[in-house]
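Chemist: All chains should be modelled from the sequences, with the hints used to inform the complete structure.
There are 2 protein chains.
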Amino acid sequence: MRLTAFAIVVLGSRFCLAQDAGDFKPATSNVLDAQYPRVDGNSRVEIRFKAPDAAKVRVNFWSGPKADMVKQADGFWTFTTPPMAPGLHYYTVIVDGAEVADPASSAYFGGSKWASAVEVPETGATYYLPQDVPHGQVREVWYHSKVTGTWRHALVYTPPGYDTQVRDRFPVLYLQHGGGEDESGWTRQGRANFILDNLIASKRAKPMIVVMANGYARRAGQSVADLRGKPFGSPEMRKAMQDMMTAFEEDVTQALIPFIDSNFRTLTGRDNRAMAGLSMGGMQTFHVTFNHLDLFSYIGGFSGAANAFAPGNAALDTKTAFNGAMADPAAFAKRVHLLWIGVGTKEPEGMRQGIQRLHASLEAAKVQHVYSESPGTDHEWQTWRRNLEDFAPRLFQAVAKK
Amino acid sequence: MRLTAFAIVVLGSRFCLAQDAGDFKPATSNVLDAQYPRVDGNSRVEIRFKAPDAAKVRVNFWSGPKADMVKQADGFWTFTTPPMAPGLHYYTVIVDGAEVADPASSAYFGGSKWASAVEVPETGATYYLPQDVPHGQVREVWYHSKVTGTWRHALVYTPPGYDTQVRDRFPVLYLQHGGGEDESGWTRQGRANFILDNLIASKRAKPMIVVMANGYARRAGQSVADLRGKPFGSPEMRKAMQDMMTAFEEDVTQALIPFIDSNFRTLTGRDNRAMAGLSMGGMQTFHVTFNHLDLFSYIGGFSGAANAFAPGNAALDTKTAFNGAMADPAAFAKRVHLLWIGVGTKEPEGMRQGIQRLHASLEAAKVQHVYSESPGTDHEWQTWRRNLEDFAPRLFQAVAKK
Chain Z
28 MRLTAFAIVV LGSRFCLAQD AGDFKPATSN VLDAQYPRVD GNSRVEIRFK APDAAKVRVN
88 FWSGPKADMV KQADGFWTFT TPPMAPGLHY YTVIVDGAEV ADPASSAYFG GSKWASAVEV
148 PETGATYYLP QDVPHGQVRE VWYHSKVTGT WRHALVYTPP GYDTQVRDRF PVLYLQHGGG
208 EDESGWTRQG RANFILDNLI ASKRAKPMIV VMANGYARRA GQSVADLRGK PFGSPEMRKA
268 MQDMMTAFEE DVTQALIPFI DSNFRTLTGR DNRAMAGLSM GGMQTFHVTF NHLDLFSYIG
328 GFSGAANAFA PGNAALDTKT AFNGAMADPA AFAKRVHLLW IGVGTKEPEG MRQGIQRLHA
388 SLEAAKVQHV YSESPGTDHE WQTWRRNLED FAPRLFQAVA KK
Chain L
28 MRLTAFAIVV LGSRFCLAQD AGDFKPATSN VLDAQYPRVD GNSRVEIRFK APDAAKVRVN
88 FWSGPKADMV KQADGFWTFT TPPMAPGLHY YTVIVDGAEV ADPASSAYFG GSKWASAVEV
148 PETGATYYLP QDVPHGQVRE VWYHSKVTGT WRHALVYTPP GYDTQVRDRF PVLYLQHGGG
208 EDESGWTRQG RANFILDNLI ASKRAKPMIV VMANGYARRA GQSVADLRGK PFGSPEMRKA
268 MQDMMTAFEE DVTQALIPFI DSNFRTLTGR DNRAMAGLSM GGMQTFHVTF NHLDLFSYIG
328 GFSGAANAFA PGNAALDTKT AFNGAMADPA AFAKRVHLLW IGVGTKEPEG MRQGIQRLHA
388 SLEAAKVQHV YSESPGTDHE WQTWRRNLED FAPRLFQAVA KK
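Chains Z and L, in that order, give the protein sequences.
Using our numbering, you'd call the opening residue of the first sequence number 28 and step up by one each time.
Using our numbering, you'd call the opening residue of the second sequence number 28 and step up by one each time.
Simulated from the structure, these hints should not be mistaken for lab results.
Be aware that a few hints might be false.
Given that identical chains are not distinguished, each listed pair holds provided it fits within a single copy or across any two copies.
Subject to a maximum C-alpha distance of 30 Å in a straight line, what follows is the list of computed DSS-like cross-link-like pairs (lysine-lysine) [unchecked claim]:
(1) 233 with 346
(2) 361 with 52
(3) 93 with 83
(4) 230 with 77
(5) 361 with 233
(6) 346 with 173
(7) 266 with 361
(8) 77 with 93
(9) 257 with 77
(10) 52 with 173
(11) 98 with 77
(12) 257 with 52
(13) 98 with 257
(14) 173 with 230
(15) 373 with 52
Modeler: Structural data, given as structure tokens:
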């Protein structure tokens, strides 16, 4: 008996060592020198959070476990997830009812607040990492918008060589974040700048300017209350979203594009202008581009369905939608060089089905488009990084082909 | 009696209305649409934090009140400060022992984590606000440092006109954050870009490039443990700080300056190069510039004493310090165009006295310098905004005068 018990203890502790100590390493999304969160070779994430006097601490991964953390003797609470999908996972910690960010994590703007996230590396994938290739710059700019009556902040990626090839002009991709995020999302979370650097270095994508604006716009004088406290899905909320959508449309077309074209060496005209966005930014992209096909000829919706806000989430009527822009598929294919839609296979069913229904509607009507599924990823940034990596090489090729 | 009691209640409630409801407005440092923290015309700050199940919630202003918040019936905890000094005040909230950021605030990197802050406006001061003047850009750049063996992130302010005046070259100010902060501090917290925009528009400062690097550097292969867990003020900690300081010095002089000079249209040479920093960044500035007077001729220390890390915090021996660079004051004044030191009058006594002692040492030795006190401000960003606004107009004037 004693021997058996001893053997169990030894075997048990070895098993624990293999499984728990394993090869955990601090996540690259941590603040300097923070040892937690950490990730092991099986993509499991261990969170550790100090709350010595709390009665209950929960971890809340937005697309992952929502679970009670376990109090340790040292006042820290810990939790280890099952293996996670690769990519950047937003999370918060709930301390006795207070939902807060984990101070060990870098801050990422999501859910309308500065939240935490943990980066789970994708084995073998280097396309979104900084590499020894020429790097573009990400520039903060402020433009005054007569639409909103405010100074607005945007980020602009300029490709390598922009400063030295002073006679060259570049096409422009307008790239939008999702709901609850802001203009920092595509570089901080999405690493769009590194994706573009790597695509341009390997000559898979043309050098381009990428403009990342804030998708929340409110007409001058419009009160905050108009956009707050509306029940989700209610007619009032739909109206508020529409107001924001049209204010954003006007801000992009009347303030942002003129500002970019007069402050950067852009190639102008619809053949040199693309727009894409994720989730809410995808909806905004469809809204802005289809209403301004005089300005845009490349369109991308990343996990963002054109009809998500249509009553009943019905199939898209391609004959009548967007004032009949797609009614004649042959004419549409000539006019719109690229219509790209994509979704992750692990996204919530409602979101996935919305995009799949859109894809089916376009197929049935023979509207030329590209449809892409990201295997094993959720309504999160790894889906959108992959989307951008597939989308960007298809841009601004039409003119060259002519 | 009853009438008197009634009058007191009425008067009391009117008084409360005037004092409590008053003219509180959401702070400009809040995330979009957050109604708290809010600030009134007397610079009082009201914090509101949701923690329905917490037993104790404290607010922790780093240079202000540290106090218990009061639980309200709706699960929110509130606290109103006495009148605060103008400027950006870092704070955290402590929920049952967990020190966290307030999700209603924008995130600012300070104290080695993403913390909260509230902006208390300075009446009548517009020098650090965005105005209707030409705006420069703040550019994110990544440079590979052989010193640290890593990709390093820096922010670079380019003045208005940089992109259009393609034959012009510009002098460079290297501008460093404080301890526990990072390269984002000078623009996010300090609004250095707006300060420069406004100074340049009014022709008070010359158009210049401003480089903001991360002050934490660690030589390639140096382990994390070397810089952690050392008792404050101990010889081990001093050694770790020295290692970091010299690694940073090498990173600046061997990696950063060459990168900037080859990627931006800089005016090179010591007459066109300045360095300044706040607190820890001030110490780093003295260390880097005095060891490289071949590279720099303008030097600024904002709340950062040259001798803070000297044993016993003694007065500076100007004859021997920095290899005798100041030993001959006349020669020094000819060589160094500007030595600028400043401090806020409300800074903790130890910090204030350190700078005042440095000033006295320089005075006694007749070492030419500028000394500035910021009235009523603490070891916080309003001091450093004012410092930059006084410092920048003095830069790069020497050559023109010749």
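Chemist: Taking the hints in turn, state whether each one holds.
Modeler: These are the hints, each one checked on the structure:
1. 233 with 346: neither (34 Å within a copy, 59 Å between copies)
2. 361 with 52: neither (51 Å within a copy, 53 Å between copies)
3. 93 with 83: The answer is both: 13 Å in one copy and 24 Å across copies each meet 30 Å.
4. 230 with 77: For residue 230 and residue 77, neither the intra-copy (47 Å) nor the inter-copy (51 Å) Cα distance is at most 30 Å.
5. 361 with 233: Answer is within; shortest intra-copy Cα gap is 21 Å, inter-copy 52 Å.
6. 346 with 173: Neither: 35 Å inside a chain and 59 Å across chains, both beyond 30 Å.
7. 266 with 361: Neither, since 34 Å and 68 Å both go past 30 Å.
8. 77 with 93: both (18 Å within a copy, 19 Å between copies)
9. 257 with 77: between (36 Å within a copy, 20 Å between copies)
10. 52 with 173: between (49 Å within a copy, 24 Å between copies)
11. 98 with 77: both (9 Å within a copy, 22 Å between copies)
12. 257 with 52: Between. Shortest inter-copy distance 23 Å satisfies the 30 Å Cα cut-off; intra-copy 43 Å does not.
13. 98 with 257: Intra 38 Å, inter 27 Å, cutoff 30 Å: inter-copy only.
14. 173 with 230: Classified as between: cross-chain Cα gap 27 Å, same-chain 39 Å, threshold 30 Å.
15. 373 with 52: For residue 373 and residue 52, only the intra-copy Cα distance (26 Å) is at most 30 Å; the inter-copy one is 43 Å.
In terms of the numbered hints stated before, the structure departs from hints 1, 2, 4, 6, 7, listed from lowest to highest.
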